[in-house]
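Q: For this one, chain A is given, so just place chains B, C and D on it according to the hints.
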Amino acid sequence: MFGKGLVKGMQITWKEFWAPKATIQYPEHQNPIPDRFHGRFVLDLNNCIACGMCANACPNKVISLRKQKVGTKQFLTNYVMNIQYCMFCGLCVESCPKDALHFSKVINMNQYFYNNIPLVLVQREAPAEPVEKEKPAAKPTSQPKADKSAPTAKSEVAASKASDKEGE
Amino acid sequence: MFENLFVGIADGLRSLLGGLPLEINEAIVMLVKLVAILVFILVNALWLVYMERKVAGYMQARIGPNRVGPKGLLQTSADIGKLICKEIIIHKDTDKVVFMLAPVLVFVPTLMVFAVIPFGKNMAAIDMNIGLLYLLAIASLSTVIFWMAGWASNNKYSLLGSMRSVAQMVSYELPMVLAILGVIMITGSLKMSDIIAAQEHTWFIFTQPIAFLIFFIASVSECNRAPFDLIEAESELVNGFNTEYSGMAFAMFYLAEYANMLVCCAMVTILFLGGWLAPFGLDFIPSWLWFFIKMYVVMFVIMQLRWTYPRIRVDQLMGFGWKVLVPLSLANIFVTGIGMYIYRAIGW
Amino acid sequence: MIENATALVEELGKKFDYIEVNEQSSVIVPADKLLEFMQALKDDYGMDFLTNETAADYPSENKFEVVYNISSIEKGFTIMVKTSVDRDNPELPSVFPIWGGANWQEREVYDLMGIIFTGHPYLKRILLDYDYEGHPLRKDFQWKGGRE
Amino acid sequence: MIRTQEYNLNFGPQHPSTHGVFRLLLTLDGERVVKAEPICGYLHRGIEKLAESRTYTQIIPYTDRMDYLAAMLQNWGYVMAVEKLMGVEVPEKAEYMRVISGELSRLASHLIAIGTYSLDIGAFTGFLLAFRERETTMDLLEELTGSRMTLSFARIGGVAADAPEGWLDKVDKFMDKLPDCIDEYDGLITGNEIFQARTRDVGVLKPETAINYSISGPTLRGSGVDYDLRKAKPYGIYDRFDFEVPLGKNGDCFDRFDCRMREMRQIIRIVKQAIEQIKEIDGPVIAKVPKVLKPPKGDAYEEIETSKGIIGYYVVSDGSTKPYRVHVRRPSFINLGYLDEMLRGYLVADVVAILGSIDIMLGEVDC
Numbered sequence: 664m665f666g667k668g669l670v671k672g673m674q675i676t677w678k679e680f681w682a683p684k685a686t687i688q689y690p691e692h693q694n695p696i697p698d699r700f701h702g703r704f705v706l707d708l709n710n711c712i713a714c715g716m717c718a719n720a721c722p723n724k725v726i727s728l729r730k731q732k733v734g735t736k737q738f739l740t741n742y743v744m745n746i747q748y749c750m751f752c753g754l755c756v757e758s759c760p761k762d763a764l765h766f767s768k769v770i771n772m773n774q775y776f777y778n779n780i781p782l783v784l785v786q787r788e789a790p791a792e793p794v795e796k797e798k799p800a801a802k803p804t805s806q807p808k809a810d811k812s813a814p815t816a817k818s819e820v821a822a823s824k825a826s827d828k829e830g831e
Numbered sequence: 578m579f580e581n582l583f584v585g586i587a588d589g590l591r592s593l594l595g596g597l598p599l600e601i602n603e604a605i606v607m608l609v610k611l612v613a614i615l616v617f618i619l620v621n622a623l624w625l626v627y628m629e630r631k632v633a634g635y636m637q638a639r640i641g642p643n644r645v646g647p648k649g650l651l652q653t654s655a656d657i658g659k660l661i662c663k664e665i666i667i668h669k670d671t672d673k674v675v676f677m678l679a680p681v682l683v684f685v686p687t688l689m690v691f692a693v694i695p696f697g698k699n700m701a702a703i704d705m706n707i708g709l710l711y712l713l714a715i716a717s718l719s720t721v722i723f724w725m726a727g728w729a730s731n732n733k734y735s736l737l738g739s740m741r742s743v744a745q746m747v748s749y750e751l752p753m754v755l756a757i758l759g760v761i762m763i764t765g766s767l768k769m770s771d772i773i774a775a776q777e778h779t780w781f782i783f784t785q786p787i788a789f790l791i792f793f794i795a796s797v798s799e800c801n802r803a804p805f806d807l808i809e810a811e812s813e814l815v816n817g818f819n820t821e822y823s824g825m826a827f828a829m830f831y832l833a834e835y836a837n838m839l840v841c842c843a844m845v846t847i848l849f850l851g852g853w854l855a856p857f858g859l860d861f862i863p864s865w866l867w868f869f870i871k872m873y874v875v876m877f878v879i880m881q882l883r884w885t886y887p888r889i890r891v892d893q894l895m896g897f898g899w900k901v902l903v904p905l906s907l908a909n910i911f912v913t914g915i916g917m918y919i920y921r922a923i924g925w
Numbered sequence: 023m024i025e026n027a028t029a030l031v032e033e034l035g036k037k038f039d040y041i042e043v044n045e046q047s048s049v050i051v052p053a054d055k056l057l058e059f060m061q062a063l064k065d066d067y068g069m070d071f072l073t074n075e076t077a078a079d080y081p082s083e084n085k086f087e088v089v090y091n092i093s094s095i096e097k098g099f100t101i102m103v104k105t106s107v108d109r110d111n112p113e114l115p116s117v118f119p120i121w122g123g124a125n126w127q128e129r130e131v132y133d134l135m136g137i138i139f140t141g142h143p144y145l146k147r148i149l150l151d152y153d154y155e156g157h158p159l160r161k162d163f164q165w166k167g168g169r170e
Numbered sequence: 142m143i144r145t146q147e148y149n150l151n152f153g154p155q156h157p158s159t160h161g162v163f164r165l166l167l168t169l170d171g172e173r174v175v176k177a178e179p180i181c182g183y184l185h186r187g188i189e190k191l192a193e194s195r196t197y198t199q200i201i202p203y204t205d206r207m208d209y210l211a212a213m214l215q216n217w218g219y220v221m222a223v224e225k226l227m228g229v230e231v232p233e234k235a236e237y238m239r240v241i242s243g244e245l246s247r248l249a250s251h252l253i254a255i256g257t258y259s260l261d262i263g264a265f266t267g268f269l270l271a272f273r274e275r276e277t278t279m280d281l282l283e284e285l286t287g288s289r290m291t292l293s294f295a296r297i298g299g300v301a302a303d304a305p306e307g308w309l310d311k312v313d314k315f316m317d318k319l320p321d322c323i324d325e326y327d328g329l330i331t332g333n334e335i336f337q338a339r340t341r342d343v344g345v346l347k348p349e350t351a352i353n354y355s356i357s358g359p360t361l362r363g364s365g366v367d368y369d370l371r372k373a374k375p376y377g378i379y380d381r382f383d384f385e386v387p388l389g390k391n392g393d394c395f396d397r398f399d400c401r402m403r404e405m406r407q408i409i410r411i412v413k414q415a416i417e418q419i420k421e422i423d424g425p426v427i428a429k430v431p432k433v434l435k436p437p438k439g440d441a442y443e444e445i446e447t448s449k450g451i452i453g454y455y456v457v458s459d460g461s462t463k464p465y466r467v468h469v470r471r472p473s474f475i476n477l478g479y480l481d482e483m484l485r486g487y488l489v490a491d492v493v494a495i496l497g498s499i500d501i502m503l504g505e506v507d508c
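Residue numbers (this note's numbering), protein chains in the order written: chain A, 664 to 831; chain B, 578 to 925; chain C, 23 to 170; chain D, 142 to 508.
The shape of chain A in the complex, shown without the other chains:
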């Protein structure tokens, strides 16, 4: 009979009117972020051997790294991700042989100025000679550069410094 569908539709919207809502009040409540989430990158400097595999794996040439030879080992001095070109495909994380590069659950990578967008994971100077024979990269005696953000071994700190520049 004509009109059955019309009545049915009204019933469904009436039912939906009282049904629980799917909205999440965003800043106050958040969906849990899954473990595999592709968020901001984190570089574990203790593991990184500066091999450059991640830079090669990237389809978009996002990663640029600079290294220096200190003693017998390669020392990572600069690790910058041009995050504005990043597709968050995860190929770099997958390619890392030492499991040093990770995704974190940080979703907010906004920057006020375009120049601040690149994600500086490491920015430090190479020591003149190997500090300790066993762990050369673990505690580099790094000197702060002219830049205000004091580079530290801990990549998280360096990364958060980069975002601190936002207000300046």
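Calculated directly from the structure, the hints in this document are not laboratory data.
All values reported here derive from a predicted model rather than from experimental measurement.
Heads up, the beta-carbon is just placed ideally off N, CA and C, and yes, glycines get one too.
Treat the hints loosely; a few may be bogus.
As the list claims (entries may be wrong) - For lysine to aspartate or glutamate, the following EDC-like pairs were computed, each having C-alpha atoms within a straight-line distance of at most 16 angstroms:
#1 K372/D / E96/C
#2 K314/D / E276/D
#3 K146/C / E178/D
#4 K667/A / E334/D
#5 K438/D / E193/D
#6 K438/D / E45/C
#7 K684/A / E276/D
#8 K161/C / D459/D
#9 K374/D / E25/C
As the list claims (entries may be wrong) - Stretch by stretch, here's where chain D covers chain A in the computed footprint (C-beta under 8 angstroms, at least three residues):
#10 685-698
#11 742-756
A: Frame of chain A, contents of chains B, C and D only:
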């Protein structure tokens, strides 16, 4: 105690101005009444936008606006505030005078109509004896304004929208008037208060169900609401006749839609739902409150219709209007006439 | 009745002496016999669905290779037909009269590769601007810009 | 006789219902379409050209960006072509993971298709209710792959990762819930008389024409042509599942819409069977492939059934680490080829209905 709240206020005002000559006294009271209605309509339109968004949200598993003000109640005020601040873009090919005149005039017919609507017992600003005729005559003026807006925009989408609007309004005016005719035949009066008084025992929705249905459909169509919102059909015509409007000019059209809805709901309430009459003898609730309750129930149904049904196509709309509604309303008049004749013959 | 692609290709190789079959069982047709062969393929063997049509540029051999993947809806297998076009004079008869599906695909090949399909009703650029110069998927296409 | 004047209407590139940046140059007589010229290319990024300067693995994220609503299916088609080129055998578990994530992608895409179609016709609520279920699908895919839309989940020789703990049960639970939701859309959209009046006998596509114009996917099946690659020539492990291919009768907009609606119920069947079967399988999710891929010289064409139709990848290798040529047969692009003839004689409102029923994805059309 609240029964005669507004009537009492008017009487108080009258006695306050007692020293003045009668004509001036009446004129001032009338002015106050009209301003009160004006404010009521505008505020109502504002809140109806909020209600629409809230209803829509709740039907779509959302919660609607809830950030500006308590429960989001100030959302539309904030929106209007923003729209006032925005520039009204007038592109170079428009007919500037007509283009700007349309949003200015769009509220006029709606506001004029409200002069005759009885919001409660003795609460019509002017209780004209040709109230219904006046109402129908004025309400159909809005066609011209939509046409003005669409034509002056010099945009093909606007033109299509306003062409549709003219076609739609003209063809739905007819079944609407013919449907009311059934009611008028029973009451024998065009006066609003008489029509309400005639529903003392049974509402016309029960004695004139087909007329109610036709009138309801036609009035939904008259105020361009889904499923008959062809003139702004956002998925086809971008925004129809008001595609080119921005800022407050757009807001005027937007609010006018809700003011129009208010008229339609008020008319449905008066003609078929017994106006301010209290059902089941529940007359401890003041008459004007009853009027509003009924009006907002109708409003809710119209909103639910919008958020349930898809849009009808333009040729189907015309076909439905001329091939279904007009013959049906004519048949309704015929049946009503026979019914009345038999009723009188039996003298029941 | 032919039930799979290899059987069809074998049969085709026997029937048409001008075609070649390579080791991946694709059929190679000379450009001047293309329409005739395709028409036979559709009419006699029920290959009614032109899935894919594209081209690849081989400047070292001075040719474009145009690739047709043709399916049969009924039997559900696909064969690959290839033909070569001279790079200096890239003209090929359009298969649009046989399969309408070639319409946009040939326009795309024309747009990106620069092969002119004679007999196509509306051979115009489809993805790039109408006034764009050059055909980007050719190997010798030079462009400016990019980020590095 | 009244002489009327025809006029042109630019329908797009920015228009609410072209589903992206797509332009239709309509020649109208009143509201009736006399001629329509589809103009695409506003989203052309040259993925085929970009692919020539990327290694085989690096192309996978680019294939995501074509049909970003069903990214897994795009990945899958590409990796299948490369696997055929290299002769890689895919582990069984990886095949199941591909089926589950691919069908979830298809579900997400179909939910968008029916949601936006109901929006095109003018019913807003169907749109948001479909999005509610899509959100759950996306959450599931996010938990599996780390991304919501551009999944990049397939790898040459398998998939990127195994399912996390408890994920399969979550999918199973969602699949149990889904039929009720589909019933709701059926009641709200499909069963609605106004919707049917708008879509029945509009944009009729005859089976012969559909085949002739290489139209594929639900658009083809809506015309009653039984051609679903999952059934016609089962790739991967689709021959292990028991499902039906929904077909339309008249080939009008309603049939195409209804095909998608019924296909969603088949997705539930497939996913449920796959979950049941994967639980008994142990093993790696990726085959042993060298880190640097160097397929032998040659070419391969492989096609699979995505939510929009048949996607085919033609990959030519010259023996180096980068492909010599990659061509994608994009279903949306080819389905649009017959649009002009389909639109003629219908009203402006039907243009939206017909365009929406083909379910195009502009990222894919323009590549």
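Q: A separate judgement is required for each hint: does it hold in the structure or not?
A: Hints, one by one, checked against the model:
1. Taking the CA atoms of K372/D and E96/C, the gap is near 12 angstroms; set against the 16 angstroms cutoff, the hint holds.
2. For a cut-off of 16 angstroms, the pair hint linking K314/D to E276/D stands: about 15 angstroms separates their Cα positions.
3. For the hint pairing K146/C with E178/D, the CA-to-CA distance comes to about 12 angstroms; that is within 16 angstroms, so the pair holds.
4. With a C-alpha separation of about 8 angstroms, the suggested pair K667/A and E334/D falls inside the 16 angstroms cut-off, and the hint holds.
5. Taken as a hint, the K438/D and E193/D pair is honoured in the structure, with Cα atoms around 15 angstroms apart against an allowance of 16 angstroms.
6. In summary, the hint linking K438/D to E45/C is supported, as the alpha carbons are separated by about 12 angstroms, within the 16 angstroms threshold.
7. Straight-line distance between C-alpha atoms of K684/A and E276/D comes to about 13 angstroms, which keeps the hinted pair within the 16 angstroms bound.
8. Note on K161/C and D459/D: the hinted pairing holds, with a Cα-Cα distance of about 13 angstroms set against a maximum of 16 angstroms.
9. For the proposed pair K374/D and E25/C, the alpha carbon gap of about 12 angstroms is at most 16 angstroms, so the pair holds.
10. Given a C-beta distance limit of less than 8 angstroms, the hint that chain D covers the region 685-698 of chain A holds, as 4 residues qualify and 3 suffice.
11. Restraint check on the region 742-756 of chain A versus chain D: 5 residues with Cβ-Cβ distances below 8 angstroms, three needed, restraint holds.
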